[in-house]
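Chain P with the ligands: place on chain C using the hints.
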Amino acid sequence: MTTDLENINYIDEPKETLSMNPKKFLLWLFIVSIMMMFAAFTSAYLVRKAEGNWLEFKLPVLFWYSSAVLLISSISMHIAYLAAKKDNINTLRIAISITFVLGLVFLVMQLFGWKELVAVNVYFVGNPSGSFVYVFSGLHGLHLISGLVVLCFAFVSAFRLKIHAKALNQIQICATYWHFLDILWLYLFFFLIYNN
Amino acid sequence: MATAELHAHDAHAHAHDEHEHHELGFIQKYVFSEDHKTIAKQYLITGIIWAFFGGGLSILFRLQLGFPDMNLEWLRPLLGGWIDESGKLDKEFYLALVTMHGTIMVFFVLTAGLSGTFSNYLIPLQIGARDMASGFINMLSFWFFALASVIMFSSLFIETGPASGGWVIYPPLSALPQAMPGSGLGMTLWLTSMAFFIVSQLMGGINYICTIINLRTRGMSFTKLPLTIWSFFFTAILGLLSFPVLLSAALLLIFDRSFGTSFYLSEIYIQGEALPNMGGSPILYQHLFWFLGHPEVYIVLLPALGITSEIIATNARKPIFGYRAMIGSMMGITLLAFIVWAHHMFITGMNPFLGSVFMFLTLIIAVPSAVKAFNYITTLWKGNIIFTPAMLFSIGLVSLFISGGLTGIILGNSALDINLHDTYFVVAHFHLVMGAASFFGLMAGVYHWFPKMFGKTMNRTMGYIHFWCTFVGVYCVFFPMHYIGIAGFPRRYYSFTALANDAQNSFTDLNMFISIAAILTFSSQLLFALNFFYSIFKGKRATQNPWNSNTLEWTAPIELGHGNWEGEIPAVYRWPYDYSKPGSASDFIPQNVPFSATPESNLPEENEEIAKEKEIEGLLETQNGVYNH
Ligand code: HEM
Ligand SMILES: [Cu+2]
Numbered sequence: 001m002t003t004d005l006e007n008i009n010y011i012d013e014p015k016e017t018l019s020m021n022p023k024k025f026l027l028w029l030f031i032v033s034i035m036m037m038f039a040a041f042t043s044a045y046l047v048r049k050a051e052g053n054w055l056e057f058k059l060p061v062l063f064w065y066s067s068a069v070l071l072i073s074s075i076s077m078h079i080a081y082l083a084a085k086k087d088n089i090n091t092l093r094i095a096i097s098i099t100f101v102l103g104l105v106f107l108v109m110q111l112f113g114w115k116e117l118v119a120v121n122v123y124f125v126g127n128p129s130g131s132f133v134y135v136f137s138g139l140h141g142l143h144l145i146s147g148l149v150v151l152c153f154a155f156v157s158a159f160r161l162k163i164h165a166k167a168l169n170q171i172q173i174c175a176t177y178w179h180f181l182d183i184l185w186l187y188l189f190f191f192l193i194y195n196n
Numbered sequence: 001m002a003t004a005e006l007h008a009h010d011a012h013a014h015a016h017d018e019h020e021h022h023e024l025g026f027i028q029k030y031v032f033s034e035d036h037k038t039i040a041k042q043y044l045i046t047g048i049i050w051a052f053f054g055g056g057l058s059i060l061f062r063l064q065l066g067f068p069d070m071n072l073e074w075l076r077p078l079l080g081g082w083i084d085e086s087g088k089l090d091k092e093f094y095l096a097l098v099t100m101h102g103t104i105m106v107f108f109v110l111t112a113g114l115s116g117t118f119s120n121y122l123i124p125l126q127i128g129a130r131d132m133a134s135g136f137i138n139m140l141s142f143w144f145f146a147l148a149s150v151i152m153f154s155s156l157f158i159e160t161g162p163a164s165g166g167w168v169i170y171p172p173l174s175a176l177p178q179a180m181p182g183s184g185l186g187m188t189l190w191l192t193s194m195a196f197f198i199v200s201q202l203m204g205g206i207n208y209i210c211t212i213i214n215l216r217t218r219g220m221s222f223t224k225l226p227l228t229i230w231s232f233f234f235t236a237i238l239g240l241l242s243f244p245v246l247l248s249a250a251l252l253l254i255f256d257r258s259f260g261t262s263f264y265l266s267e268i269y270i271q272g273e274a275l276p277n278m279g280g281s282p283i284l285y286q287h288l289f290w291f292l293g294h295p296e297v298y299i300v301l302l303p304a305l306g307i308t309s310e311i312i313a314t315n316a317r318k319p320i321f322g323y324r325a326m327i328g329s330m331m332g333i334t335l336l337a338f339i340v341w342a343h344h345m346f347i348t349g350m351n352p353f354l355g356s357v358f359m360f361l362t363l364i365i366a367v368p369s370a371v372k373a374f375n376y377i378t379t380l381w382k383g384n385i386i387f388t389p390a391m392l393f394s395i396g397l398v399s400l401f402i403s404g405g406l407t408g409i410i411l412g413n414s415a416l417d418i419n420l421h422d423t424y425f426v427v428a429h430f431h432l433v434m435g436a437a438s439f440f441g442l443m444a445g446v447y448h449w450f451p452k453m454f455g456k457t458m459n460r461t462m463g464y465i466h467f468w469c470t471f472v473g474v475y476c477v478f479f480p481m482h483y484i485g486i487a488g489f490p491r492r493y494y495s496f497t498a499l500a501n502d503a504q505n506s507f508t509d510l511n512m513f514i515s516i517a518a519i520l521t522f523s524s525q526l527l528f529a530l531n532f533f534y535s536i537f538k539g540k541r542a543t544q545n546p547w548n549s550n551t552l553e554w555t556a557p558i559e560l561g562h563g564n565w566e567g568e569i570p571a572v573y574r575w576p577y578d579y580s581k582p583g584s585a586s587d588f589i590p591q592n593v594p595f596s597a598t599p600e601s602n603l604p605e606e607n608e609e610i611a612k613e614k615e616i617e618g619l620l621e622t623q624n625g626v627y628n629h
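These protein sequence lines are chains C and P, in that order. Residue numbers for the first sequence follow the UniProt record's numbering, beginning at 1 and rising by one. Residue numbers for the second sequence follow the UniProt record's numbering, beginning at 1 and rising by one.
In isolation and in its complexed conformation, chain C is listed as follows (with noise of 0.2 Å):
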């Protein structure tokens, strides 16, 4: 229990109090509960893949491309951030829509990528090593959804000049969520082809 004791103690500063943003502090906890989510579901992958009778596929050679899109929109998300910290706010406005794009674009390279699963005779419904993959792209494609909705937001904002050197709360939570969303799904994908 002494080790408990002086955890408390570390955190028993005065100042600490007031110095967080509470609406980024609310988005890194909303991320934690999105992490333990899909934890449970490969963790729910590994247990049921170590009680056998379990279909050896080639995951899509698609979603490697698709990947690749999604690191580029988080480099043009960066692009947007560092266009707003300098007032930049036409670099700004393209940045986001250029990420924009691309968050589409990687949708539907996910989409011809479940169609090369079904090329493969591996269906959602089936063998549960095939579903699972479909559910985690589906679901992260679901959250991605929502990452495009918290862009349009701030495109808006962007548009409104809501957003500036002296307001990057919005564009911070924005850029913290998608760069989320990109390294969610480069987990799944490599836990996919680790564990495949």
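Because the hints were derived from the structure by calculation, they are not lab data. Mixed in with the good hints there might be a few duds.
Chain C side only, calculated, beta carbon under 8 Å to chain P, not exhaustive [stated by the list, open to error]:
no. : residue
1   : PHE25
2   : LEU29
3   : MET37
4   : ARG48
5   : ASN53
6   : ASN127
7   : SER131
Don't be surprised by glycine CBs; every beta carbon is placed ideally from N, CA and C.
This is chain P with the ligands only, laid out in the frame that chain C set:
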């Protein structure tokens, strides 16, 4: 910064132009309110309604268990077709009753009703904040809960009946609509309702954590937080980490049910027909479910323990014994809660070695639990005890926590649990330690904070009668269940008279006794409801600090407006448990009294704190900044 500038600004974006004297319309004030106090009351009232409802269901099935031959024809106006031709409870409906009772009690009453009420009400008031970090998300949280409630409630009225597979809804029973009537539309509604419920709890929990970390008033360091806040904090962390896992489990179940996938289903014959599903694993569901399921019991229990700490210290007029040990043990319980889930699965054919690992981890929980029990008792020891109804319920909780916790040690042993699993022994265990204990915490909290919530006082005498009926009643109901369980009576069985060559017949009287006790205990809750609703409207006006308590909420005005404190939020200089401090004339020193004002009672190290008081005051500007950004 001038205090005149300090208005009750919310921490969220829309509230910039909302001042505390600004009158809101009825809808904004009482229905879609973003004020944490209103949301708390909404949760409380909804929780109370659910509690009566869920309790009423248990009376129905207790009738069947206690009086298996009774003619229930008189219930036909209420239950219609669920009373069969012979005037008895329909067998399928019995299972539905058990399931709905469990679901309602665990999730809707003791999770939403308890955390939702007291986290919402007390967090901003006890840490010195104007409101939650996001009033809007907080409002959404309640309305998602309301939506979940409506869906769950409506599932009681459909023709095939509500979900009937137990509150744990194990597949394949829950996954196959043809398995039992309740697994049809009823189960679909159950899953939909729970999905909304989970979203609601996540939104609530995210808000609680964020508020506690970011919106504490100046000087309110973590070591000065009341134990209530610590318990809500750990509860919210448990929920944040475990509810998403339940959502995952439910989603896979939904896919199995509605899209034909085989996550949980494999090689099943039903009605003489082989199902196409291959390769799934029902045990997988149990792992996912109990990863939430066990933390859930602490989500239910920890707030009650926090409330009890506060009430016991206040009414024993003594500092809480072992403040840091209390925090440490709650932290220990929180951590352990995530690594013991498989003690619910000892009989699933798990590897015995794995079983003993989980057994070991489970038994370790007894350590922090015992620390808490001892600390309550030592706080009471030689205290100047004032027996308010809230105090009685708190002491009752300690009693129930001990007697229910002891049987946990028995069940935690896998060799014993293999015999006792799914018998009434388990029912007795978790009703005492989780059900009754948390319910007592809820009641204690209502009696204690009622004056703050409604500005009125509840009738004491009725409170005492309510307590004694409930306390004696709960033991009469649940204690005998241990014996019935050891004798082998399984839970979720409609009837036992024909079981094992009538071996259970000798327990008929005991079952009758339990049922009568249950009916009386349940009826005595009407006293509470009467007292509660009557006092809201006609109760005596409360004073500002009726229990002479130290925490910040009692420094706020009796009629609480939006933003809680009219002027500045008070600063905090000391921990919340300075009761009966030697040297002090008054037997309590509230948290907002600086050490420089109490030289007669300061300890040497507290005199050193005086130097820091300026620093705390200096934080006022930063604090106002949070509300004006
Ligand atoms: C202190 C708070 C506790 C709460 C709220 C609690 C709650 C519960 C609940 C709700 C169940 C029923 C599961 C079911 O539906 O089958 C249960 C079962 C169980 N509890 Fe507890 N419990 C607590 C403490 C303990 C302790 C201290 C131990 C062991 C040291 C323990 C060990 C068990 C075991 C092993 C089972 C599984 C029994 C079975 O399924 O056959 N519990 N508990
Ligand atoms: Cu458990």
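| query | Going by Cβ atoms only, is SER131 of chain C closer than 8 Å to chain P? | reply | holds (5 Å)
| Status of the ARG48 of chain C interface restraint (C-beta, 8 Å, chain P) | Holds. Min distance 5 Å.
| Is the shortest C-beta separation between PHE25 of chain C and chain P less than 8 Å? | Given a least distance of 5 Å, the restraint on PHE25 of chain C holds.
| Cut-off 8 Å, beta-carbon criterion: hint that ASN127 of chain C touches chain P | This interface hint holds because 5 Å falls under the 8 Å limit.
| message | A closest beta-carbon separation below 8 Å is what the hint needs, so does ASN53 of chain C meet it against chain P? | response | holds (5 Å)
| query | Given MET37 of chain C was flagged as interface, is its beta-carbon under 8 Å from a beta-carbon of chain P? | reply | holds (4 Å)
| task | Closer than 8 Å between Cβ atoms is the bar; does LEU29 of chain C clear it against chain P? Give me holds or violated. | result | Given a least distance of 4 Å, the restraint on LEU29 of chain C holds.
In this structure, every one of the numbered hints holds.
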